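Q: Between the sequences and the hints, there should be enough to build the whole structure, so can you do that?
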Amino acid sequence: MSSQEQAREVISATISGPVSGQVAVGKEITQTQSIAAPGPAATEAELAELRQLFAGLRTRIQAEAPAGQQTAALERVDELEAAVGAEKPDLTTMEYVRAWFVRNLPKLAGAVAAIVVHPIVGKVVEAAGELAAGEFRQRFGPEQAG
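Quick note: the sequence shown, position 136, residue 152 per our numbering, numbers continuous.
Keep in mind that the hints are not guaranteed to be accurate.
[To be verified] With a straight-line Cα cutoff of 25 angstroms, these simulated SDA-like cross-link-like pairs (lysine to any residue) come out:
{"#": "1", "residue 1": "Lys123", "residue 2": "Ala58"}
{"#": "2", "residue 1": "Lys104", "residue 2": "Arg153"}
{"#": "3", "residue 1": "Lys139", "residue 2": "Gln154"}
{"#": "4", "residue 1": "Lys123", "residue 2": "Glu65"}
{"#": "5", "residue 1": "Lys139", "residue 2": "Asp106"}
{"#": "6", "residue 1": "Lys139", "residue 2": "Thr109"}
{"#": "7", "residue 1": "Lys43", "residue 2": "Ala58"}
{"#": "8", "residue 1": "Lys104", "residue 2": "Ala81"}
{"#": "9", "residue 1": "Lys104", "residue 2": "Thr59"}
{"#": "10", "residue 1": "Lys104", "residue 2": "Ala144"}
{"#": "11", "residue 1": "Lys139", "residue 2": "Glu65"}
{"#": "12", "residue 1": "Lys104", "residue 2": "Leu90"}
{"#": "13", "residue 1": "Lys123", "residue 2": "Pro135"}
{"#": "14", "residue 1": "Lys139", "residue 2": "Ala58"}
{"#": "15", "residue 1": "Lys123", "residue 2": "Ala83"}
{"#": "16", "residue 1": "Lys123", "residue 2": "Ala98"}
{"#": "17", "residue 1": "Lys104", "residue 2": "Leu63"}
{"#": "18", "residue 1": "Lys43", "residue 2": "Glu25"}
{"#": "19", "residue 1": "Lys123", "residue 2": "Val133"}
{"#": "20", "residue 1": "Lys104", "residue 2": "Ala125"}
{"#": "21", "residue 1": "Lys139", "residue 2": "Gly72"}
{"#": "22", "residue 1": "Lys104", "residue 2": "Phe156"}
[What the hints assert, rightly or not] Pairwise CB distance ranges (calculated):
{"#": "23", "residue 1": "Glu111", "residue 2": "Leu90", "range": "14 to 24 angstroms"}
{"#": "24", "residue 1": "Ile31", "residue 2": "Ala115", "range": "23 to 33 angstroms"}
{"#": "25", "residue 1": "Thr30", "residue 2": "Arg67", "range": "17 to 27 angstroms"}
{"#": "26", "residue 1": "Lys43", "residue 2": "Phe70", "range": "27 to 37 angstroms"}
{"#": "27", "residue 1": "Arg74", "residue 2": "Tyr112", "range": "14 to 24 angstroms"}
{"#": "28", "residue 1": "Arg119", "residue 2": "Gln154", "range": "20 to 30 angstroms"}
No lab work stands behind these hints, which were simulated from the structure alone.
As the structure is a prediction and not an experimental result, all values here were calculated from the model.
Note that CB positions come from ideal geometry on N, CA and C, so glycine has one too.
A: Right, here's the structure in full:
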């Protein structure tokens, strides 16, 4: 490539919106990435405590939610429990369920949020790896997941 061609070469990038991760634009760029080992998995006692939290939420729904919304609310709790218990926790479902309660049963939304940001859930997400933990912190707050 001649010096005139090099002088005319333009490298440009536009990055917008909520972006997470690395970006490199240019020539002769070297990047390295190190991935930390996943955090310790939740203990059986912690998982039992988490199951108790879900059971308590279901009890509150049956006692406090209007009859016409109980079935839908209980289905959302089932979705949340499955999302938290998945091999790689489903953060999108966790976010959706929390938002559903905010819209439909705001007086129970705090109880749902308390489960989503519970330290045991953070530990479960952290055990799925740093990428999942980072996304969790981004969605649910910097003090969560490690």
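Q: Hint by hint, say whether it matches the structure.
A: Hint-by-hint comparison with the structure:
1. Pair hint Lys123 plus Ala58 does not hold up; C-alpha atoms about 29 angstroms apart against a cutoff of 25 angstroms.
2. Between Lys104 and Arg153 the alpha-carbon distance is near 15 angstroms, which keeps this suggested pair within the 25 angstroms criterion.
3. This hinted pair checks out: Lys139 and Gln154 have alpha carbons roughly 15 angstroms apart, not beyond 25 angstroms.
4. A distance of roughly 23 angstroms separates the Cα atoms of Lys123 and Glu65; the hinted pair therefore holds under the 25 angstroms criterion.
5. Only pairs whose Cα atoms come within 25 angstroms are accepted, and Lys139 paired with Asp106 is accepted, the gap being roughly 14 angstroms.
6. Between Lys139 and Thr109 the CA atoms are separated by roughly 18 angstroms; this keeps the pair inside 25 angstroms, and the hint holds.
7. Restraint check: the Cα-Cα separation between Lys43 and Ala58 comes to about 44 angstroms, which exceeds 25 angstroms; the hinted pair is violated.
8. Pair hint Lys104 plus Ala81 does not hold up; C-alpha atoms about 30 angstroms apart against a cutoff of 25 angstroms.
9. Under the criterion of a C-alpha separation no larger than 25 angstroms, the hint pairing Lys104 with Thr59 is consistent with the structure, at around 17 angstroms.
10. For the given pair, Lys104 sits about 6 angstroms from Ala144 by alpha-carbon distance, which is consistent with the 25 angstroms threshold.
11. Between Lys139 and Glu65 the alpha-carbon distance is near 13 angstroms, which keeps this suggested pair within the 25 angstroms criterion.
12. Between Lys104 and Leu90, the direct Cα distance comes to roughly 22 angstroms. Compliance with the 25 angstroms bound is thereby established for this hinted pair.
13. For the hint pairing Lys123 with Pro135, the CA-to-CA distance comes to about 22 angstroms; that is within 25 angstroms, so the pair holds.
14. Proximity of Lys139 to Ala58 is assessed by CA-CA distance (about 6 angstroms); at most 25 angstroms being required, the pair is judged to hold.
15. This hinted pair checks out: Lys123 and Ala83 have alpha carbons roughly 15 angstroms apart, not beyond 25 angstroms.
16. With a CA separation close to 23 angstroms, the supplied pair Lys123 and Ala98 stays within the 25 angstroms bound.
17. Between Lys104 and Leu63, the direct Cα distance comes to roughly 15 angstroms. Compliance with the 25 angstroms bound is thereby established for this hinted pair.
18. For the hint pairing Lys43 with Glu25, the CA-to-CA distance comes to about 11 angstroms; that is within 25 angstroms, so the pair holds.
19. Distance check on the hinted pair: Lys123 and Val133 sit about 17 angstroms apart at the alpha-carbon level, within 25 angstroms; holds.
20. Between Lys104 and Ala125 the CA atoms are separated by roughly 24 angstroms; this keeps the pair inside 25 angstroms, and the hint holds.
21. Taken as a hint, the Lys139 and Gly72 pair is honoured in the structure, with Cα atoms around 20 angstroms apart against an allowance of 25 angstroms.
22. In summary, the hint linking Lys104 to Phe156 is supported, as the alpha carbons are separated by about 16 angstroms, within the 25 angstroms threshold.
23. At roughly 19 angstroms, the beta carbons of Glu111 and Leu90 sit within the given window of 14 to 24 angstroms.
24. Between Ile31 and Ala115, the C-beta spacing of about 27 angstroms keeps the proposed range 23 to 33 angstroms intact.
25. Taking 17 to 27 angstroms as the suggested C-beta distance range, the pair Thr30 and Arg67 does not conform, at roughly 47 angstroms.
26. Distance hint check: the CB atoms of Lys43 and Phe70 are about 53 angstroms apart, inconsistent with the given range 27 to 37 angstroms.
27. In this structure, Arg74 and Tyr112 meet the distance hint of 14 to 24 angstroms, their C-beta atoms being roughly 18 angstroms apart.
28. Distance hint check for Arg119 and Gln154: the Cβ-Cβ separation is about 22 angstroms, which falls inside the suggested range of 20 to 30 angstroms.
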